[in-house]
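2 protein chains.
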Amino acid sequence: MTLRSGWCLLVLGCAAWAAPLPAAAQQPRDTGLVATYRATADRLIAAATADTAAWLRLAELTDRFGSRISGSESLERALDWILVEMRRDGLESVRGEPAMVPHWVRGSESLDLVEPRAARLPMLGLGRSVGTPPEGITAPVLVVHDTLELRARAAEARGKIVLWDAPYVSYGETVTYRWNGAIWAAQVGAVAALLRSVSPFEMRQPHTGTTHYDSSAAPIPFAAISIEDAAMLHRMQGRGQPVVVTLKMEAHMLPDVASKNVVAELRGSEKPDEVVVISGHLDSWDVGTGAMDDAGGFVAAWQALLVMKRLGLRPRRTVRLVGWTNEEYGTRGGLAYRDAHLADLGKHDLAIESDGGVFRPTGFGFTGSDSAFAVVRAIGPLLAPVGADTITKGGGGTDIGPIMQRGVPGMGLNDDGSRYFWYHHSDADTVDKLDAREVAKCVAAMAVMAYVVADLPQQLPRGGVPPAGE
Amino acid sequence: MTLRSGWCLLVLGCAAWAAPLPAAAQQPRDTGLVATYRATADRLIAAATADTAAWLRLAELTDRFGSRISGSESLERALDWILVEMRRDGLESVRGEPAMVPHWVRGSESLDLVEPRAARLPMLGLGRSVGTPPEGITAPVLVVHDTLELRARAAEARGKIVLWDAPYVSYGETVTYRWNGAIWAAQVGAVAALLRSVSPFEMRQPHTGTTHYDSSAAPIPFAAISIEDAAMLHRMQGRGQPVVVTLKMEAHMLPDVASKNVVAELRGSEKPDEVVVISGHLDSWDVGTGAMDDAGGFVAAWQALLVMKRLGLRPRRTVRLVGWTNEEYGTRGGLAYRDAHLADLGKHDLAIESDGGVFRPTGFGFTGSDSAFAVVRAIGPLLAPVGADTITKGGGGTDIGPIMQRGVPGMGLNDDGSRYFWYHHSDADTVDKLDAREVAKCVAAMAVMAYVVADLPQQLPRGGVPPAGE
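If you read the sequences in order, they're chains D and F.
Quick note, in numbering that gives the first Met the number 0, the first sequence goes up one by one and the last residue is 469.
Quick note, in numbering that gives the first Met the number 0, the second sequence goes up one by one and the last residue is 469.
Just chain D, same shape as in the assembly (with noise of 0.2 Å):
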């Protein structure tokens, strides 16, 4: 995984794509197409929020499959029904571009409090950790915030395992201990990590998510547990008990699974080989249902495609559907489609992901040159009878993010996120908390900026990439 792919993993869903502008250099300023947008802007915004097809699409298919983790039967099965489905909803081109994704087990897994008390506490390995022993690893803990405290007490680490039981300050922020803390753990000899959840919510939740190790030291176990657990160990520590605990994780890698993005179009009137792509991705970590992390991004754009069919309306560029696979663990459907994409990414007008949740959206955030900006955010006010109207500098999507390196405009959904990171990547991730009305807004949202995007005169202008080719 290179440092790049690593800090796309890293933001996903991250508001820390979004840096909203100064309210003054939101106005827009191409009024003309306003006037040429706002009657058919109206009428997709009209059908997306007439009923609730695409929360009930959502719940169908998170009841139906469940989680679906890279290289699960569960998502296989799921890709497989949405191509049947896309194929019945009557869309054009629908097709799996295949990809290999990697593979990790949880397997059987717990963690004991040994001492000063006995007790089963929950926990979640995460993602891409080693297993323990069958036996498990029994050893003190060092709980320490940071890693300035485990450096002043690297003496103390060895042959401990280390509970990083850092504060959640924001997603971006704090997940840095999920993603290095294996390593620094292991540089001090540690045999195991524990991470105090990455959320800013406490229910007695673990969340997993991914993690990694580099050649600096050899990997160790690493499993997330509650903020509630952290804080209670870190209270043991501070009365100058000693904390035991067994951890225990058959956590493994097997070999790379086939697995697909799965794709449904609608073919432009004009320029067929130009694409705007709308997206969201339908792998998900092994626990809850994966509804909000992302079903929900990629129904939101389904439903998008359909209620431009259904309203017959055929913008002059292609409006490609993607749902990708693997964001989770090594974003391989977004590296698969930017290879086998190569050859026609210059045609690639825009990539929008959706990969937030889809609560109540507020607008979207792009990247790309300031005179592609300057079109986008023109599109704002059309959106601003959903709500959806402001439109902020820098955003885009992990499964997007290789076609982006590669040139390609992009762009995310930005919705209310405030209680995204209390579900995330845990049992919690259900289709419930989400809102029938604001999903149908996200749907509308999507519609309306793929569509105008797709039919405009003129491509999205590049800036310094070349705009078709490469």
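In short, the hints are calculated from the structure, not lab data.
Among the hints, a few may not be true.
Straight-line C-alpha distance at most 25 Å; calculated SDA-like pairs for lysine to any residue [said to hold, decoys possible]:
#1 D:K432 to F:H144
#2 F:K432 to D:R418
#3 D:K432 to F:E114
#4 D:K432 to F:E172
#5 D:K346 to D:R234
#6 F:K432 to D:T173
#7 F:K432 to D:R238
#8 F:K432 to D:H144
#9 D:K432 to F:G416
#10 F:K432 to D:A49
#11 F:K432 to D:K392
#12 D:K432 to F:A117
#13 D:K432 to F:G311
#14 D:K392 to D:Q457
#15 D:K432 to F:G237
#16 F:K432 to D:P271
#17 D:K432 to F:A38
#18 D:K432 to F:T35
#19 F:K432 to D:A118
Based on the hints, put chain F in the right spot on chain D.
Below, chain F alone, put in the same frame as chain D:
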């Protein structure tokens, strides 16, 4: 179990105790009382809120012993430790008062969705439920909202597992399905029952609690599932999919176990045989650490007594601290206290219990004669500095219920319960959700109310009930 003690169990921590009076009715009338006790009350409040001692003690208690279900070693160890600590505090007449308590053991348990797809669902057997055969019970599920729907579909229920998917209205209203759900399901031939957890908040947490059986039908196993999974199974049934689960529960009752209420006192200066009880219960369910339900209530009472002692205050009557055993399923602590103190219940001036979490206090709810209510209402203004000055009619607690039935005036601490049922009877009932400053205010409220009532020249008037002896 009698209907009455069943009712006590059901209203545990329930705001239904306290029906607020119109604002005009709450004006204090006895300003002489306020003038007499203002300075002392202010000293108690200042001392109680000067530090975070109560929260720290609550954290230590719950960290040391974890959950404390009746019949468990952890409850008895916690009670023994408290006796040692109370002696170390220099409290008077420290003792355990014996009570035999029921002993329900959860054992291993699981719920697996078999059709339409395989998944393990989080669950918690309900207290006092019977278990399943070792191989479990595998049966189709019939999901119903309520008794009306089950009655209408009674013919379909035979041989099935009935799932009560009753929406949360209020704890007091909705808990009837937990209390009666196994009986009602068995009456129409169900082989087991499941319950949507009785909570207003969804984080895929099952919430346990006590249930019961009667002679109208054979006992069947009964377990709580998460709100999310209840909704999912309901959606599956709505789509016409067969829903089949395997429920395994080792739950069973063992013979009663010797336990105790823990008691300590501050002896009265003039009338030491007259008593004001301040209390909370020390048993919990076998999940979380029972910090809100109800170690926090006991610790608030404990610290209230300590604050009086440390200030050198000694009211005319004795203030008696009681930590009850077995509130959750049996009220055996409260019943044993009643039986042991039958001869002196007439000298019990007032019994106060806190059992609704120790969040921001708002006041007290009182059950007793109108003339006694006028007196305790007049104490309200003294509690204004901690916001606990709303004294309402109706209130008490499960453990003081048996002596209230014998005429002892009863009172419950009221607090901001807006999140109490998020955590209640679940793994998330832990100390970290409680704010140390709010807990300290609960201590202050308990201290002032108990001190003033214990120091009043006259015993609280009992209406029709004789004031001393029975």
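Here's how the hints hold up against the structure:
1. D:K432 to F:H144: The given pair, whose Cα atoms are some 20 Å apart, holds under the 25 Å limit.
2. F:K432 to D:R418: 17 Å, holds
3. D:K432 to F:E114: 24 Å, holds
4. D:K432 to F:E172: The hint holds at about 24 Å.
5. D:K346 to D:R234: Violated, at about 58 Å.
6. F:K432 to D:T173: 21 Å, holds
7. F:K432 to D:R238: At roughly 20 Å apart (the allowed maximum being 25 Å), R238 (chain D) and K432 (chain F) satisfy the hint.
8. F:K432 to D:H144: 20 Å, holds
9. D:K432 to F:G416: 22 Å, holds
10. F:K432 to D:A49: 41 Å, violated
11. F:K432 to D:K392: Answer violated: K432 (chain F) to K392 (chain D) is near 38 Å, above 25 Å.
12. D:K432 to F:A117: OK: K432 (chain D) and A117 (chain F) at ~23 Å, within 25 Å.
13. D:K432 to F:G311: Judged against 25 Å, a Cα distance of about 53 Å means the pair is violated.
14. D:K392 to D:Q457: 21 Å, holds
15. D:K432 to F:G237: 19 Å, holds
16. F:K432 to D:P271: With Cα atoms ~56 Å apart, K432 (chain F) and P271 (chain D) exceed 25 Å; violated.
17. D:K432 to F:A38: 50 Å, violated
18. D:K432 to F:T35: Cα-Cα ~54 Å, so violated.
19. F:K432 to D:A118: 20 Å, holds
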